[in-house]
Amino acid sequence: MLWFSQIEVIDRTGASTVRSLVELQRWEEFLAALPADKQARCIQIYTRLTAPRAALQLRERIIRLDQPQVMGIINMTPDSFSDGGKNADIETAAEAAFAMTSAGAAIIDIGGESTRPGAPLVWEGDEISRVEPLIRRLAPSGTAMSIDTRKAAVMDAAVTAGAAMINDISALLFDDRSLEVAKALNVPVVLMHAPSHGSDPHKGGDYDDVVTNVFDWLEERVEAVEAAGISRDKILVDPGIGFGKSLTDNLSLINNLSIFHGLGCALLVGASRKRMIGALSNEAPVEQRLGGSLFLAMKAVEQGAHIIRVHDAAETVQAVQVWRGLRDAALTARA
Numbered sequence: 000m001l002w003f004s005q006i007e008v009i010d011r012t013g014a015s016t017v018r019s020l021v022e023l024q025r026w027e028e029f030l031a032a033l034p035a036d037k038q039a040r041c042i043q044i045y046t047r048l049t050a051p052r053a054a055l056q057l058r059e060r061i062i063r064l065d066q067p068q069v070m071g072i073i074n075m076t077p078d079s080f081s082d083g084g085k086n087a088d089i090e091t092a093a094e095a096a097f098a099m100t101s102a103g104a105a106i107i108d109i110g111g112e113s114t115r116p117g118a119p120l121v122w123e124g125d126e127i128s129r130v131e132p133l134i135r136r137l138a139p140s141g142t143a144m145s146i147d148t149r150k151a152a153v154m155d156a157a158v159t160a161g162a163a164m165i166n167d168i169s170a171l172l173f174d175d176r177s178l179e180v181a182k183a184l185n186v187p188v189v190l191m192h193a194p195s196h197g198s199d200p201h202k203g204g205d206y207d208d209v210v211t212n213v214f215d216w217l218e219e220r221v222e223a224v225e226a227a228g229i230s231r232d233k234i235l236v237d238p239g240i241g242f243g244k245s246l247t248d249n250l251s252l253i254n255n256l257s258i259f260h261g262l263g264c265a266l267l268v269g270a271s272r273k274r275m276i277g278a279l280s281n282e283a284p285v286e287q288r289l290g291g292s293l294f295l296a297m298k299a300v301e302q303g304a305h306i307i308r309v310h311d312a313a314e315t316v317q318a319v320q321v322w323r324g325l326r327d328a329a330l331t332a333r334a
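The opening residue of the sequence shown carries number 0 in numbering that gives the first Met the number 0; numbering runs sequentially from there.
None of these hints come from the bench; they were simulated from the model. In this text, all values refer to a predicted model and were calculated from it rather than measured experimentally. Hints are not guaranteed to be accurate.
Unchecked claim - Label-pair restraints from in silico Cβ distances:
id: 1; residue 1: A39; residue 2: A329; range: 34 to 42 Å
id: 2; residue 1: E94; residue 2: R18; range: 45 to 53 Å
id: 3; residue 1: R135; residue 2: Q317; range: 25 to 33 Å
Said to hold, decoys possible - Using 16 Å as the maximum straight-line C-alpha spacing, the simulated EDC-like pairs for lysine to aspartate or glutamate come out as follows:
id: 4; residue 1: K37; residue 2: D10
id: 5; residue 1: K182; residue 2: D215
id: 6; residue 1: K182; residue 2: D125
id: 7; residue 1: K37; residue 2: E7
id: 8; residue 1: K37; residue 2: E27
id: 9; residue 1: K182; residue 2: E123
id: 10; residue 1: K298; residue 2: E314
Each residue gets a CB set at the ideal place from its N, CA and C atoms; glycine is no exception.
Modelling step: build the complete structure from the supplied sequences, incorporating the hints.
Laid out in structure tokens, this is it:
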């Protein structure tokens, strides 16, 4: 799903950064001219970059990652920034989830705590009571579900009820038990970058180079989680668009999403309806950000993102289908 003919090599030594754009046919020549340590690092990242991403096994469902997949968002919260209170009723939420899967969403991501700026921390018992009934309602249908939480008890309850993936904005750092529980549950886990792993994930966010800073942080976190016993093919990464990042930071990340393939993990991107869209479109309110959401989703798809997390699943699936048609036609024409 990732096509490229050039590689940009970013060499940082102290405060100095040197960028080199290398044609693939000159890759071996470029490597041969490097010192041994830098050569080894380039080979490591190139190997991760080009390795195929294994399909995700979500209970009886297999989610292939050789094509972009859409993850639909269901917030079981009264205060989420986009759709708080919309799905308070279980049947309403179930109908919304079924509509998303019928439209082509591969995964439904269910959350019981808002993580918008200024949102209060939710007690894990309340969070479980919000998400568990919906998960149990959807499980018999075979719906592939992810639990959006940073609390170990919620992870455990959700997966027991039928969820098959953990999506943690704190990268398993908020709760001391999360890493242990995620390992025991043996399901894929999304590690997202946020500058703080306390109650406010938006706190902080001081970067000298947001793209490389986020890359380095995620690389260290993936290696720590892998060392703890969760295999890399079960780890997904998310650069955390909108979490403790300025508009300029977000734009830099979105323009450089392809760098994160160098981590050797599947890439998940969530920019749906986020504040940056309003900032770039005359302060458009949340309910009027579909156009921007679709553009950001396709920008991520064009850079090889494996999963796009969105509120507007049907529209995003259609956009991806058109993109695939154009891409397939272009590849056939070249052949």
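Going down the list of hints, with the structure as the test:
1. With their beta carbons about 35 Å apart, A39 and A329 fall inside the hinted range of 34 to 42 Å.
2. Checking the proposed 45 to 53 Å range against E94 and R18 shows it holds: the Cβ atoms sit about 49 Å from each other.
3. About 30 Å separates the C-beta atoms of R135 and Q317, a value consistent with the hinted range of 25 to 33 Å.
4. At most 16 Å may separate the alpha-carbon atoms for a hinted pair to count; K37 and D10 meet this at roughly 9 Å.
5. Straight-line distance between C-alpha atoms of K182 and D215 comes to about 23 Å, which puts the hinted pair past the 16 Å bound.
6. Note on K182 and D125: the hinted pairing is violated, with a Cα-Cα distance of about 24 Å set against a maximum of 16 Å.
7. For the proposed pair K37 and E7, the alpha carbon gap of about 14 Å is at most 16 Å, so the pair holds.
8. For a cut-off of 16 Å, the pair hint linking K37 to E27 stands: about 13 Å separates their Cα positions.
9. This hinted pair does not check out: K182 and E123 have alpha carbons roughly 20 Å apart, beyond 16 Å.
10. A distance of roughly 15 Å separates the Cα atoms of K298 and E314; the hinted pair therefore holds under the 16 Å criterion.
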